[in-house]
Amino acid sequence: MKIRFWGVRGSIPAPGPDTIRYGGNTACVSVHGRAGGLVIIDMGTGLMHLGNALMAGPFGAGRGTATILLSHTHWDHIQGLGFFAPVFVPGNAFTVWGPGGSPDVLEDILEGQMDPNFSPLQTLKNFSADFDVHAIELGAPLTAEGLTITAREHPHGSTTALAFRITEPGSPAVPGSPGTADRTFVYASDVGQPTGAGPDPAAIAFYRGADVLLHDATYRPADQATRRNRGFSSYEDAADAAIAAGARRLVTFHYDQDYTDDDVDDVVASCRRALDARGGAAIDLVPAREGDELEI
Amino acid sequence: MRVRFWGVRGSIPVPGRTTSRYGGNTSCVEVRPRGGAPIIIDAGTGLRRLGKALMEDGFADGRGEASILISHTHWDHVQGLPFFSPLYRAGNRIQIFARQRDTHLEAVFSQQHGAPYFPVPLSAMQAEMSFHALTEGARFELGGARVTSTRLNHPWTALAYRIDVDRAAVVYCSDTAPFTDLLLGREFVVDPPALDRPLPPDVAAELARMRAAVVGLATGADLLIYDTQFTHDEYRLRPHWGHSHPDDALAIARDAQVRRLCLFHHAPLRSDDDNDAILARYRGVAAAAGDRFEVLSAYEGLELALGDEP
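Those protein sequences? They're chains U and Z, same order as listed. Mapping of the first sequence onto our numbering: position 276 corresponds to residue 276, and the numbering continues sequentially without gaps. Mapping of the second sequence onto our numbering: position 63 corresponds to residue 63, and the numbering continues sequentially without gaps.
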């Protein structure tokens, strides 16, 4: 499984000379399975750049398919959709899984973004590709792109967002080789424990044993303390979750829009110290940066 | 007055290495009459940083007043509003002006600014907000400034604004297609039309009227800010998108006899080097044509003093 970061910023795109190293685009992550399937998680402004890259392959010829997972429908997780070039190529097909409890509710929300007051597209029906919207059933694994995907709802300020656990089956042992174990990537952005009471046991069970845990690390603890109601994690929350879940690698994600590259350097260094001090010295820390790729 | 650019990009914010000199934030321009309250044109993502600057300037104490003129409510012209810090402070007074179509303006902004898209509803804003629906051609006063407007050629339509104050005038003309090939309005245009074909006489007449009104609005302006999202060739591929190009902007500036023309609403994927090249090329074009106006290209942080400014 190859994981690539196209947008790592929270809340609103943050262009400027002081966000170039980590990137200023809002949330978008691609997951390429070993068998060639593509899963896209969240549709922030990073999605435009993913789409432009995909146009060089089958999506440019109308022969692309992908599964899109949507954690929630706040702007910074959907605002790239109207600029995603592959949806304007007939023949491409996208299956969207997200929150809302019913496909009609979720499709209406995405339609609202294309309302003629806001978008020259006027409606999702002006997409040329197939764009099929489904509500995901919490806890029920679905199989797509050769991967097994499970969703869990977590608190996010006044609302909730979905975390996704994506597992790729290991390759079977061939005579004389050990085969490979299952590989697991967990995406847990936009999560805020309302009380700050520490990791939720049910969340930890969901993250358990992840090869890569991508976790919301929007804030330094001092900034989180004054903005607890916004529903985001600090780098300490991310470190605690990774340690409790026994994750092998932790990816920090969804940096505050006001944090410069130097601030994020500090968040990452502080997160490393928190891991080391709390029993997570063996956990690899990989800060999400636009354009970087991880392989599991 | 002073005019400062906070967001100069069209369509979608584009953070990154290749856009950091001109800037990746979407449309937002601050017009500051001498000694007067700010008049902000458009509320793209550039508005977030303008809001932070205003918080250093009276708005943190709830004593701020500002007007926001919205050219139209497409995302790249309103998406900064939920992140405008002065809205979160009681006592500030924010007036929003925009062309109203079928839906009341407050309902349009409420849809943007609340569940399921944003965590804090518009109704929870602490500042006193008022919404003023404009019709095409609206004229009104803001403090000592006179605001006039006219319709642009853009899907669902947009308004151009002229602000006269301190014995100077600035005109903001974004977003608009040229007034030549296609009349844009309510309908979604699926396929670009064949260009260079004669237009039906009524359409040609309406486009000519719109162009004349834009030239009239801009006549004698000290600064004309104009949508040049496309190059001429890009426009010919997408005439139905409602954006113009520098050749058209120069022609309008020439007819309106403005003093300065500022290229604006840069395409998202236009790099800083591309923008440098476009500016150099059209400075050459203007010089060769004997144009008397100066050509500029908008970048974040560009500030111009017009009229009675020390």
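Keep in mind that the hints were calculated from the coordinates and are not lab data. Backbone N, C-alpha and C fix where the C-beta goes; we use that ideal spot for every residue, glycine too. Any given hint could be a false lead.
Examples of chain U residues toward chain Z, derived with CB under 7 angstroms [claimed, not checked]: (1) Pro15; (2) Ile20; (3) Gly24; (4) Thr73; (5) Trp75; (6) Met114; (7) Asn117; (8) Ser128.
Stretch-level coverage of chain U by chain Z, calculated; a stretch enters the list once three of its residues show a Cβ under 8 angstroms from a Cβ in chain Z [unchecked claim]: (9) 1 to 13; (10) 79 to 90; (11) 157 to 163.
Here is how each hint holds up against the structure:
no. : hint       : result
1   : Pro15      : holds, 3 angstroms
2   : Ile20      : holds, 5 angstroms
3   : Gly24      : holds, 3 angstroms
4   : Thr73      : holds, 5 angstroms
5   : Trp75      : holds, 5 angstroms
6   : Met114     : violated, 10 angstroms
7   : Asn117     : holds, 5 angstroms
8   : Ser128     : violated, 10 angstroms
9   : 1 to 13    : holds (count 4)
10  : 79 to 90   : holds (count 4)
11  : 157 to 163 : holds (count 3)
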